[in-house]
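Using the sequences and the hints, build the whole thing.
These protein sequence lines are chains H and Z, in that order.
For the first sequence, counting from 1, position 68 maps to 68 in my numbering; every step adds exactly one.
For the second sequence, counting from 1, position 132 maps to 132 in my numbering; every step adds exactly one.
Rather than coming from a laboratory, the hints here were simulated on the basis of the structure.
All values derive from a computational prediction rather than experimental measurement.
Among the hints, erroneous ones may be present.
[As the list claims (entries may be wrong)] Here are the simulated DSS-like pairs of lysine-lysine, each with C-alpha atoms no more than 30 Å apart in a straight line: (1) Z:Lys236 x Z:Lys188; (2) H:Lys259 x Z:Lys81; (3) H:Lys27 x Z:Lys130; (4) H:Lys27 x H:Lys259; (5) Z:Lys130 x H:Lys34; (6) Z:Lys81 x Z:Lys188; (7) H:Lys30 x Z:Lys130; (8) H:Lys255 x Z:Lys81; (9) H:Lys259 x Z:Lys229.
What follows is each chain in one-letter form.
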Amino acid sequence: MRRGIASNFSQHQLENYRDLLFVLFQKEFKVRYKGKFLGYLWSIASPLSFALVYYIAFSGIMRVAVEGYPLILVSGLFPWQWFQNSVGSAPNLFVGNASLIKKLNFPRNILSLSTILNHMVHFLLSLPVILLFMVIYGKSPTLAWVYGLPLMMAIQLCTVYGLSLVLATLNLFLRDIERLTQIVMTFVFYFTPIIFTADMIPEQYQPLIPANPAAPLMINWRNLFLHGYLDGHYLLISAGYAVAFLALGTVVYRKLSWKFAEVL
Amino acid sequence: MREPVISFDQVYKSYPMYHHIRGIKNLMFNFPHNLKALRRQQFEALNNISFEVYRGEKFGIVGYNGAGKSTTLGLIAGVLKPSSGRVVVRGRISPLLALGTGFHPELNGRENIVLNGVLLGLTRREVLSKLDEIIEFAELGEFIDRPIRIYSTGMMARLGFSVVAHLDPEILLIDEVLGVGDIRFQQKCLNKMAEFRNSGVTMVLVSHSMASVVEICDRALWIQDHHVKMIGESTKVAEAYAEAAAADIAASGKRKKIRPVEAAAAKVRGPLF
Numbered sequence: 001m002r003r004g005i006a007s008n009f010s011q012h013q014l015e016n017y018r019d020l021l022f023v024l025f026q027k028e029f030k031v032r033y034k035g036k037f038l039g040y041l042w043s044i045a046s047p048l049s050f051a052l053v054y055y056i057a058f059s060g061i062m063r064v065a066v067e068g069y070p071l072i073l074v075s076g077l078f079p080w081q082w083f084q085n086s087v088g089s090a091p092n093l094f095v096g097n098a099s100l101i102k103k104l105n106f107p108r109n110i111l112s113l114s115t116i117l118n119h120m121v122h123f124l125l126s127l128p129v130i131l132l133f134m135v136i137y138g139k140s141p142t143l144a145w146v147y148g149l150p151l152m153m154a155i156q157l158c159t160v161y162g163l164s165l166v167l168a169t170l171n172l173f174l175r176d177i178e179r180l181t182q183i184v185m186t187f188v189f190y191f192t193p194i195i196f197t198a199d200m201i202p203e204q205y206q207p208l209i210p211a212n213p214a215a216p217l218m219i220n221w222r223n224l225f226l227h228g229y230l231d232g233h234y235l236l237i238s239a240g241y242a243v244a245f246l247a248l249g250t251v252v253y254r255k256l257s258w259k260f261a262e263v264l
Numbered sequence: 001m002r003e004p005v006i007s008f009d010q011v012y013k014s015y016p017m018y019h020h021i022r023g024i025k026n027l028m029f030n031f032p033h034n035l036k037a038l039r040r041q042q043f044e045a046l047n048n049i050s051f052e053v054y055r056g057e058k059f060g061i062v063g064y065n066g067a068g069k070s071t072t073l074g075l076i077a078g079v080l081k082p083s084s085g086r087v088v089v090r091g092r093i094s095p096l097l098a099l100g101t102g103f104h105p106e107l108n109g110r111e112n113i114v115l116n117g118v119l120l121g122l123t124r125r126e127v128l129s130k131l132d133e134i135i136e137f138a139e140l141g142e143f144i145d146r147p148i149r150i151y152s153t154g155m156m157a158r159l160g161f162s163v164v165a166h167l168d169p170e171i172l173l174i175d176e177v178l179g180v181g182d183i184r185f186q187q188k189c190l191n192k193m194a195e196f197r198n199s200g201v202t203m204v205l206v207s208h209s210m211a212s213v214v215e216i217c218d219r220a221l222w223i224q225d226h227h228v229k230m231i232g233e234s235t236k237v238a239e240a241y242a243e244a245a246a247a248d249i250a251a252s253g254k255r256k257k258i259r260p261v262e263a264a265a266a267k268v269r270g271p272l273f
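Right under this line is the structure:
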């Protein structure tokens, strides 16, 4: 019998993994707020300040006339922050926990999952801010939120989890991935309807929207917040991406996880 | 009675030289060549290692830096896979982690105990039920509720040892970290180790201190240049190893004209100056 990384499960082991996820999640959550006077405000300050900057740049200086632009910005930037933080922190997930990975045999994907869940909870905590902007612009949540919110969250969770497994794993073998990710994410940000809306994209580029995995997601987040519905076509595409990334992430992780301690 | 809990059967471990392809540029240019180079250039860390550790035994591993001791521990801990041969381990492994590993500086002592305990393979409930015992052993007083970034090195070590020592380890892996804490706490650790001796805990100790190996271990393994050089009673192995090391020191001493006392003094001053 060969001992793979966490291959032989038992009841106790499963409980341990569950608790590991819990304490790692708790650790990150506590650390984020501990010793910081403004705690919660900091986690919403960053997307809000970005919203302000884009508002000043586009509405104030460049005079692009878009109705309700602040709400458009907020409804795009908050879901994007979850996506961006999850993917952006991924390459460093395993590299940054080298001392643990070299000594302890535990499922390394728990590291990834706890971080992703943390970013998700911060998104949830920022929902009141979006609601506040909605109220200012005379909108209110619709019944579609009841299924739309969990559905969109599940799809985004699978997408970023799969992506983070791929990036975290490959970055162990090729450290350039970290820099590459930063650059690619900048492109993705500006090619995704976040600081603009999907219908502002010129006609001839519209067919390219589904080629960007983040675009269908962000379009539907805004549909949900602004118009209270989900676009079925884009929903299917984003669900497809979610399944594909989850499968890819799992395969890459499974194939390579036994080598992690060697390359660190 | 003599039930092996760790057994190595003709274990080989080699690493590819990954640093040759650090950098995407180098990988892309000349890809097939690099792939071949990767296969060819292997670093052999362990060569045909076989030994068994029995339940309740205290087993020492000695050898020079780079001989393959840490690789052996990695294989036991299950974080590495052998290139060939078989490694079988029966029981829960508790590595005594290096200073601060698995701790978070911003969390307080209590929170870190739970974090560390769960990382070491226990459930939260199990750790919480031992919390008071651990806190008492660590003797940190009111510091237990302060973030551990303000702890001294010795206090951190005490916390780490206390967690591992109280979590009912089945197989305890200790990688040369005994020289921590003040003399009184070291004595306490040694007492705890002696307690383990009677409790049936299996212990694997990697150490450069022959005194600790002789005092704690029943048997020892000496790894030299990735091979098993000697395996047997700890006193005999420690003696042979110390002799060989002394001979090496004498040989290099003649060349470099450094007397052992000066070398030791330089070592002590090392990190400070």
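Pair hint outcome, lysine 81 of chain Z versus lysine 188 of chain Z [Cα-Cα no greater than 30 Å]: violated, 35 Å
Straight-line alpha-carbon gap lysine 30 of chain H to lysine 130 of chain Z, limit 30 Å: holds, 23 Å
Pair hint outcome, lysine 27 of chain H versus lysine 259 of chain H [Cα-Cα no greater than 30 Å]: Answer holds: lysine 27 of chain H to lysine 259 of chain H is near 26 Å, not above 30 Å.
30 Å Cα cutoff - pair lysine 27 of chain H, lysine 130 of chain Z: holds, 20 Å
Pair hint outcome, lysine 255 of chain H versus lysine 81 of chain Z [Cα-Cα no greater than 30 Å]: holds, 13 Å
Pair hint lysine 259 of chain H and lysine 81 of chain Z, alpha-carbon separation not exceeding 30 Å: Holds. Lysine 259 of chain H to lysine 81 of chain Z sits at ~8 Å (cutoff 30 Å).
Pairwise hint evaluation, lysine 188 of chain Z against lysine 236 of chain Z, where the allowed Cα distance is 30 Å at most: Roughly 27 Å separates the two Cα atoms, so the pair holds.
Hinted pair lysine 259 of chain H and lysine 229 of chain Z, Cα distance within 30 Å: It holds: about 28 Å lies between the C-alpha atoms, which stays within 30 Å.
Pair hint outcome, lysine 130 of chain Z versus lysine 34 of chain H [Cα-Cα no greater than 30 Å]: Holds: lysine 130 of chain Z and lysine 34 of chain H sit about 26 Å apart, inside 30 Å.
Hint compliance for this structure: hint 6 alone is broken.
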